Amino acid sequence: MKSLAGKVAVVTGASRGIGKGAALGLASCGATVYITGRTENDEGLPEFQKGTTIHKTAEEANRLGGTGIAHRCDFSRDEDIKALFERVQREQGRLDILVNNAWAGANHVMNEYFWGTPFWKQPISLLDDFYTVGLRSGYLCSQYAAALMAGQRSGLIANISFYCARQYFINPVHGIIKAAVDKMSADTAHELKEYGVKVFSLYPGSVATEGMREIAKYNASIKVNEMETPQFVGLCVAALASDDSAIERSGRVLLTAEVAQQYGFTDVDGKQPAALKIE
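Here the sequence shown stands for residues 0 to 278, numbered as in numbering that gives the first Met the number 0.
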């Protein structure tokens with residue numbers, strides 16, 4: 000993997016899960032990573048999420064050879080997002096990578112209504128929350144990032160999406176929002192291409208996040224040791240950021256496993272994840 004020393008990244012929703020993994024993957028390549036999210040301490044966290052804070056992620060990023068900078072940001076608040084990118088511009092003067100990962104799922108996925116309840120029996124707040132933190136927040140972050148990247152005529156925006164955008168998976172709201180994320184990737188890529196800025200939607204496979212490990216305790220069919228590690232998506236982002244020719248594919252949906260196969264790297268555990276099969 001090429002070094003990202005001197006490159007500056009922002010990862011949204013990086014306290015835990017895929018966002019944390021993306022931040023650590025980029026840090027392992029030497030990047031300076033702004034690790035953003037709301038969680039600064041363990042207060043109110045369920046036991047399986049203890050120790051998953053922006054500050055802990057920053058500490059891990061530093062141990063991996065990058066520079067982790069924790070920044071508290073509530074992505075439902077426009078003023079918080081504005082302050083984040085103002086800080087990056089003030090402290091770094093540039094931005095090379097944005098990973099739009101923050102989503103409101105954490106507020107809902109542990110509730111019974113998210114799993115198997117017909118959409119007409121679900122609270123409308125589910126759609127509101129997924130739209131606000133997941134689509135709208137990603138769009139606003141992309142606006143701020145694009146303003147910096149277009150000026151320097153380089154950069155990468157990676158929008159974390161999922162195959163539920165293409166076929167039904169668990170809950171209509173999740174698929175509706177991710178389909179919109181994919182359209183955002185395609186259309187923003189169209190406008191940014193002339194400035195040398197790449198935009199992709201990335202589909203991870205099944206990922207061994209803290210939440211999946213917790214669910215696996217009660218469901219023997221879930222094999223976390225066969226899943227992608229959270230850091231895998233970060234390595235995929237690093238590979239795309241280092242490849243200038245990837246601009247020719249900008250706007251597309253990419254599967255993390257296929258990115259790894261194309262660039263010739265494995266997951267951090269040495270495994271080569273299989274690509275999702277999308278109908």
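It is worth saying that the hints were derived from the structure and are not from the lab. Predicted model only: the values in this text are computed from it and were never measured. Where a beta carbon is used, it is the ideal one built from N, C-alpha and C, also for glycine. Careful: at least some of the hints might be erroneous.
[What the hints assert, rightly or not] The following label-pair restraints were derived from C-beta to C-beta distances:
#, residue 1, residue 2, range
1, 142, 219, 16 to 26 Å
2, 78, 217, 34 to 44 Å
3, 43, 2, 15 to 25 Å
4, 73, 110, 19 to 29 Å
5, 182, 149, 13 to 23 Å
6, 167, 214, 13 to 23 Å
7, 268, 217, 35 to 45 Å
8, 85, 268, 17 to 27 Å
9, 219, 152, 48 to 58 Å
Against the structure, the hints come out as follows:
| no. | hint | result |
| --- | --- | --- |
| 1 | 142 <-> 219: 16 to 26 Å | 45 Å, violated |
| 2 | 78 <-> 217: 34 to 44 Å | 40 Å, holds |
| 3 | 43 <-> 2: 15 to 25 Å | 38 Å, violated |
| 4 | 73 <-> 110: 19 to 29 Å | 21 Å, holds |
| 5 | 182 <-> 149: 13 to 23 Å | 20 Å, holds |
| 6 | 167 <-> 214: 13 to 23 Å | 20 Å, holds |
| 7 | 268 <-> 217: 35 to 45 Å | 24 Å, violated |
| 8 | 85 <-> 268: 17 to 27 Å | 38 Å, violated |
| 9 | 219 <-> 152: 48 to 58 Å | 52 Å, holds |
In this structure, the hints that do not hold are numbers 1, 3, 7 and 8, in rising order.
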